[in-house]
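Engineer: As a plain string of letters, each chain reads:
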Amino acid sequence: NAGVTQTPKFQVLKTGQSMTLQCAQDMNHNSMYWYRQDPGMGLRLIYYSASEGTTDKGEVPNGYNVSRLNKREFSLRLESAAPSQTSVYFCASSEPTGGGTGELFFGEGSRLTVL
Amino acid sequence: QKEVEQDPGPLSVPEGAIVSLNCTYSNSAFQYFMWYRQYSRKGPELLMYTYSSGNKEDGRFTAQVDKSSKYISLFIRDSQPSDSATYLCAMSGTGGFKTIFGAGTRLFVKA
Numbered sequence: 825n826a827g828v829t830q831t832p833k834f835q836v837l838k839t840g841q842s843m844t845l846q847c848a849q850d851m852n853h854n855s856m857y858w859y860r861q862d863p864g865m866g867l868r869l870i871y872y873s874a875s876e877g878t879t880d881k882g883e884v885p886n887g888y889n890v891s892r893l894n895k896r897e898f899s900l901r902l903e904s905a906a907p908s909q910t911s912v913y914f915c916a917s918s919e920p921t922g923g924g925t926g927e928l929f930f931g932e933g934s935r936l937t938v939l
Numbered sequence: 011q012k013e014v015e016q017d018p019g020p021l022s023v024p025e026g027a028i029v030s031l032n033c034t035y036s037n038s039a040f041q042y043f044m045w046y047r048q049y050s051r052k053g054p055e056l057l058m059y060t061y062s063s064g065n066k067e068d069g070r071f072t073a074q075v076d077k078s079s080k081y082i083s084l085f086i087r088d089s090q091p092s093d094s095a096t097y098l099c100a101m102s103g104t105g106g107f108k109t110i111f112g113a114g115t116r117l118f119v120k121a
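In order, the protein sequence lines correspond to chains A and B.
If you read the first sequence in my numbering, its first letter stands for residue 825, the second for the next number, and so on.
If you read the second sequence in my numbering, its first letter stands for residue 11, the second for the next number, and so on.
Heads up, a few of these hints could be off.
Ranges between beta-carbon positions, derived for each pair [stated by the list, open to error]:
{"no.": "1", "chain 1": "B", "residue 1": "P24", "chain 2": "A", "residue 2": "N894", "range": "45 to 55 Å"}
{"no.": "2", "chain 1": "B", "residue 1": "R87", "chain 2": "A", "residue 2": "L939", "range": "42 to 52 Å"}
{"no.": "3", "chain 1": "B", "residue 1": "Y49", "chain 2": "A", "residue 2": "R868", "range": "12 to 22 Å"}
{"no.": "4", "chain 1": "B", "residue 1": "E25", "chain 2": "A", "residue 2": "T921", "range": "32 to 42 Å"}
{"no.": "5", "chain 1": "A", "residue 1": "Q841", "chain 2": "B", "residue 2": "S83", "range": "37 to 47 Å"}
{"no.": "6", "chain 1": "A", "residue 1": "G922", "chain 2": "B", "residue 2": "E15", "range": "19 to 29 Å"}
{"no.": "7", "chain 1": "B", "residue 1": "D88", "chain 2": "A", "residue 2": "Q841", "range": "48 to 58 Å"}
{"no.": "8", "chain 1": "B", "residue 1": "E25", "chain 2": "A", "residue 2": "L939", "range": "35 to 45 Å"}
{"no.": "9", "chain 1": "A", "residue 1": "M865", "chain 2": "B", "residue 2": "S79", "range": "16 to 26 Å"}
{"no.": "10", "chain 1": "A", "residue 1": "T921", "chain 2": "B", "residue 2": "R87", "range": "27 to 37 Å"}
{"no.": "11", "chain 1": "A", "residue 1": "D862", "chain 2": "B", "residue 2": "S92", "range": "19 to 29 Å"}
If you're looking for bench data, these hints aren't it; they were derived computationally from the structure.
All C-beta atoms, glycine included, are put in the ideal place defined by N, C-alpha and C.
Here chain B stands alone, though its shape is the one from the complex (with noise of 0.2 Å):
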């Protein structure tokens, strides 16, 4: 069973709807949750970044962490063609360099 799960879709979805991105981790010792996005070729660039259990908001993403049932999300609202990228899950320990990572959701928002 790998460390971190998380479906790689393809999710297609149109312009203007809520999506939801959803990782399941099995490693309690992980106290640090990231998100990444990945546009085709490029690098990835870090989207949010929680410490612990709780909800983070930046504009239109929600970055939501549930420890108790080892579940992450990311809420994208009112979606953008512009959005339309591979979005990673990330998690890492204290005191740690080895940040894990899912494998990745591509998205698809249609204009």
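Chain A with its partners taken away, still in its complex shape (with noise of 0.2 Å):
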């Protein structure tokens, strides 16, 4: 199994730019998130996916879309990209179990520069 397969993973932009980040799994997991990871700020949360059909806002989601296309895959977007959006940004899957969100499986990250 692959687990969570995100692309690209690296990409450099100019400001102003659009792109999306894919990412899917094949864990048959029912949440889906997306993280940056910043020196010094740890993993914040930009959106995530409860479950197919829905998507939620979490602590950084300004300058941010998702998509869920489906149960294996959810996509980030960056309408206008700006240079504080830098940053390494993971794609993560869990299934929650005794209420809680269950252990986040993580792709590899995608290493993104906007100049």
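Bring the two chains, given one by one in their own frames, into a single complex with the hints.
Structural biologist: What follows is the structure, encoded as structure tokens:
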């Protein structure tokens, strides 16, 4: 099993350009997440999808949109990239159990630089 | 004030040392406490997952949760160079989907 797969792994954008980060999981998990990781800030939740057909804002949603395409796929779109969005982006999935989110399974990350 | 505070280090120890990593938090609604390990240029992987207070042991790793003090710890016994990584504490409440992460502590174990 591949687990969580993210594409692209690296991307350089100019300010104002748009792009979409793709994420797919093959573990049949209901919940999927997008995090960004910045030095000294840890992982911060951008958006999540508790189940197919639903999406909700996390801690830092401004400047991003998401689409839960189906149970397997969850994409993150930057409509007009800004230098402040330079970061490493991680997609994760989980199967909530016992009232908690359950173990988060992460992809290997997408490194985005906005010039 | 951040909801979860974690010293980013770096922490450098000799091989065989006992390592203590810690986090404090402010939200008393947190019920699930986790430690993730992240190797360089990789995604985080779950190391320990505990519910409410108490201790949990898994091989060389022990996780402790003290809800009265809002303090969690991860102990690594007989540390190995392969333990060199960033360790992130994480926590969440019940019925929600927002797991909050600490900044991560970078650990170096020298051979």
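Engineer: Taking the CB of B:E25 and the CB of A:L939, does the distance hold inside 35 to 45 Å?
Structural biologist: At roughly 42 Å between Cβ atoms, A:L939 and B:E25 fall inside 35 to 45 Å, so the hint holds.
Engineer: Is 48 to 58 Å right for how far apart the beta carbons of B:D88 and A:Q841 are?
Structural biologist: holds (50 Å)
Engineer: Taking 45 to 55 Å as the stated bounds, is the beta-carbon spacing between B:P24 and A:N894 within them?
Structural biologist: With Cβ atoms ~50 Å apart, the hint holds.
Engineer: Does the Cβ pair A:G922, B:E15 satisfy 19 to 29 Å?
Structural biologist: holds (26 Å)
Engineer: Cβ-Cβ distance between A:M865 and B:S79: within 16 to 26 Å?
Structural biologist: holds (25 Å)
Engineer: Please test the hint of 19 to 29 Å on the beta carbon pair from A:D862 and B:S92.
Structural biologist: holds (26 Å)
Engineer: For the pair B:R87 and A:L939, does the Cβ-Cβ distance stay inside 42 to 52 Å?
Structural biologist: Since B:R87 and A:L939 have Cβ atoms about 46 Å apart, the given range 42 to 52 Å holds.
Engineer: I want to verify a distance hint. Is the separation of the beta carbons of A:Q841 and B:S83 within 37 to 47 Å?
Structural biologist: holds (44 Å)
Engineer: Is it true that B:E25 and A:T921 lie within 32 to 42 Å of each other by Cβ?
Structural biologist: With Cβ atoms ~37 Å apart, the hint holds.
Engineer: Could you say whether the range 27 to 37 Å given as a hint is met by the Cβ separation of A:T921 and B:R87?
Structural biologist: The hinted range 27 to 37 Å holds for A:T921 and B:R87, with Cβ atoms some 29 Å apart.
Engineer: Lying within 12 to 22 Å: is that true of the beta-carbon distance B:Y49 to A:R868?
Structural biologist: At roughly 20 Å between Cβ atoms, A:R868 and B:Y49 fall inside 12 to 22 Å, so the hint holds.
The earlier numbered hints are all upheld by this structure, with none contradicted.
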